[in-house]
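Trainee: As a plain string of letters, each chain reads:
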Amino acid sequence: MNCEECRSKISPFLDNELEPTLADGVRRHLAICPECAAVFEDLAAIFEACRTEGEDLLAPPNSPALWRRISNVIESEVRPVPPAEPETPSRRFWRFSLPQLATGFALIAVVSSLLTIVGIRAYSRPEASASPLRSSAEETTMEKVLGKLGLITTPQQARERHFAEQQKAIEYWNARVAQRRSEWNERTREAFDRNMRVIDQSVVQYTNILKQDPEDDLSAEMLDSVLTDKMNLLRDFSDL
Amino acid sequence: MSFCSTISVRFHSALKIAAVAVLLAALSVPTFAQKKFSRTYPAPSNVRLQLMNKSGTVTVEGWDRAEVQIVASLEAPAANIAPQNLSGTIVINLVRDNQDRRDVGNVNFIVRVPYTTMVDIETRMGNLNVSNVRGGLVRARISTEGDITLTNIGASAVSAENVTGDIFYDGDIVAGGTYRFASTRGAINLRIPFNSSFRVVATAPTTRNISLGVFGGGAINYIGDGRRVVGKFGDGSATLSVTNQQGSISFFRR
Chain A
0 MNCEECRSKI SPFLDNELEP TLADGVRRHL AICPECAAVF EDLAAIFEAC
50 RTEGEDLLAP PNSPALWRRI SNVIESEVRP VPPAEPETPS RRFWRFSLPQ
100 LATGFALIAV VSSLLTIVGI RAYSRPEASA SPLRSSAEET TMEKVLGKLG
150 LITTPQQARE RHFAEQQKAI EYWNARVAQR RSEWNERTRE AFDRNMRVID
200 QSVVQYTNIL KQDPEDDLSA EMLDSVLTDK MNLLRDFSDL
Chain B
0 MSFCSTISVR FHSALKIAAV AVLLAALSVP TFAQKKFSRT YPAPSNVRLQ
50 LMNKSGTVTV EGWDRAEVQI VASLEAPAAN IAPQNLSGTI VINLVRDNQD
100 RRDVGNVNFI VRVPYTTMVD IETRMGNLNV SNVRGGLVRA RISTEGDITL
150 TNIGASAVSA ENVTGDIFYD GDIVAGGTYR FASTRGAINL RIPFNSSFRV
200 VATAPTTRNI SLGVFGGGAI NYIGDGRRVV GKFGDGSATL SVTNQQGSIS
250 FFRR
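Sequence lines, in order, name chains A and B. For the first sequence, numbering that gives the first Met the number 0 begins at 0 and goes up steadily by one. For the second sequence, numbering that gives the first Met the number 0 begins at 0 and goes up steadily by one.
Just so you know, the hints here were simulated from the structure itself, not pulled from any lab data. Check the hints yourself; a few may be wrong.
[Claimed, not checked] Label-pair distances were calculated between CB atoms; the ranges are:
| hint | chain 1 | residue 1 | chain 2 | residue 2 | range |
| --- | --- | --- | --- | --- | --- |
| 1 | B | G175 | A | G149 | 44 to 50 angstroms |
| 2 | B | G175 | A | E185 | 42 to 48 angstroms |
| 3 | A | E185 | B | A218 | 49 to 55 angstroms |
| 4 | B | S44 | A | R188 | 38 to 44 angstroms |
| 5 | A | E214 | B | P76 | 30 to 36 angstroms |
| 6 | B | G212 | A | D212 | 30 to 36 angstroms |
Glycine included, each C-beta is placed from N, C-alpha and C at the ideal position.
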């Protein structure tokens with residue numbers, strides 16, 4: 000099976016709609032082709048997101064409530080509306096006191112300024128804000144404040160999310176390796192275990208450093224690097 | 000007389016035992032027998048070699064002929080080898096060709112290629128050697144353990160990566176080129192010309208053992224308590240990235 004064929008079958012494969020022989024072919028191709036495996040992972044993640052988060056969107060409308068609203072609208076159009084007492088504009092305006100109005104305007108100004116700043120920053124620096132391993136030192140005071148308020152994702156939060164995603168991918172490849180492992184000879188098993196231990200040693204080392212100093216960007220970068228190495232090692236051995 | 004006959008009997012017994020031993024040794028030879036594989040392809044100067052081995056040593060040497068010669072010695076149980084010549088790319092993939100085989104012996108390759116070949120070799124375990132190549136690319140990757148030796152290289156894009164084992168690079172730093180060396184545990188030694196122009200980011204977080212040698216006189220910054228060295232030499236047009244998680248990094252003058 001080539002890449003084009005495989006990619007066209009990923010979607011039915013995820014839905015378990017393929018015949019066993021075809022599904023087997025897709026599985027075998029995914030094991031040897033990292034590009035298609037990446038496409039598969041992306042699609043699988045999207046499917047999973049749709050399954051978990053799309054339920055609200057796909058929920059059937061509340062039809063009795065909808066009909067009640069429609070009938071209310073029809074009734075209000077049919078029923079004669081009593082003439083409303085004319086209200087002078089000055090009277091409506093003076094329902095708010097002057098300080099209340101001033102406070103309201105000031106609040107609107109502050110909120111809109113904040114939103115403008117956040118928008119401009121996000122627009123002018125898309126690469127930096129997109130990088131999951133952005134340095135904490137690059138964070139501005141405004142970003143720190145907004146981060147504490149929970150309005151934006153802090154570099155540390157982005158980093159933790161990135162590591163969590165890497166761990167998920169590692170778990171996926173680990174499961175694949177566990178299936179294949181019994182097929183390896185002793186020499187292959189020993190080499191794999193030996194090198195996995197070497198990588199894990201570095202993973203533990205950087206994880207411990209980051210626990211003590213979460214702002215150590217170099218250790219975060221190295222942890223990202225060794226987790227990628229671990230993923231590559233698992234991927235390489237998942238097709239042996 | 001009886002003493003002589005006793006000696007004679009013992010001598011004959013010893014002879015028989017030796018004969019049996021020789022016979023057994025002869026019978027056991029096929030277990031270690033090596034099969035040979037050899038094939039030659041005509042090749043344009045910009046040919047690309049893409050080789051993925053499972054285990055064994057791969058040696059790629061540049062030569063002044065317009066052909067690619069593949070010689071492999073296969074240890075028992077012998078692996079399947081099915082090279083393909085795909086419009087200017089010679090592809091050998093032992094992982095794919097032996098997918099469902101439980102046990103496959105080492106395969107040791109010697110591949111001779113035109114000097115200007117782009118070399119992309121990979122193995123799950125074993126050593127990788129590349130020499131006398133000045134094509135656009137040299138990429139050598141070992142999934143687990145083995146040494147990578149790249150000598151007399153003139154490529155503008157070089158990448159060498161392993162988990163356990165040494166990496167040795169002896170070659171040019173081409174202006175505007177990209178060079179990446181990464182290991183988890185081993186020694187990375189780079190031998191490059193003194194007049195090279197490059198920007199370097201060398202990181203050895205565990206050992207902090209980064210020796211720039213004669214290149215120590217450039218504009219250098221030590222970052223993260225000496226875990227990383229960032230430097231610029233000459234006009235800094237090439238990029239060098241060297242990372243060794245648990246080992247040392249050393250630069251030498253070529």
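Trainee: Next, verify each hint and record whether it holds.
Mentor: Results of checking the hints against the structure:
no., hint, in the structure
1, B:G175 to A:G149: 44 to 50 angstroms, "holds, 45 angstroms"
2, B:G175 to A:E185: 42 to 48 angstroms, "holds, 47 angstroms"
3, A:E185 to B:A218: 49 to 55 angstroms, "holds, 51 angstroms"
4, B:S44 to A:R188: 38 to 44 angstroms, "holds, 43 angstroms"
5, A:E214 to B:P76: 30 to 36 angstroms, "violated, 54 angstroms"
6, B:G212 to A:D212: 30 to 36 angstroms, "holds, 32 angstroms"
Checked against the numbered hints given earlier, this structure breaks only hint 5.
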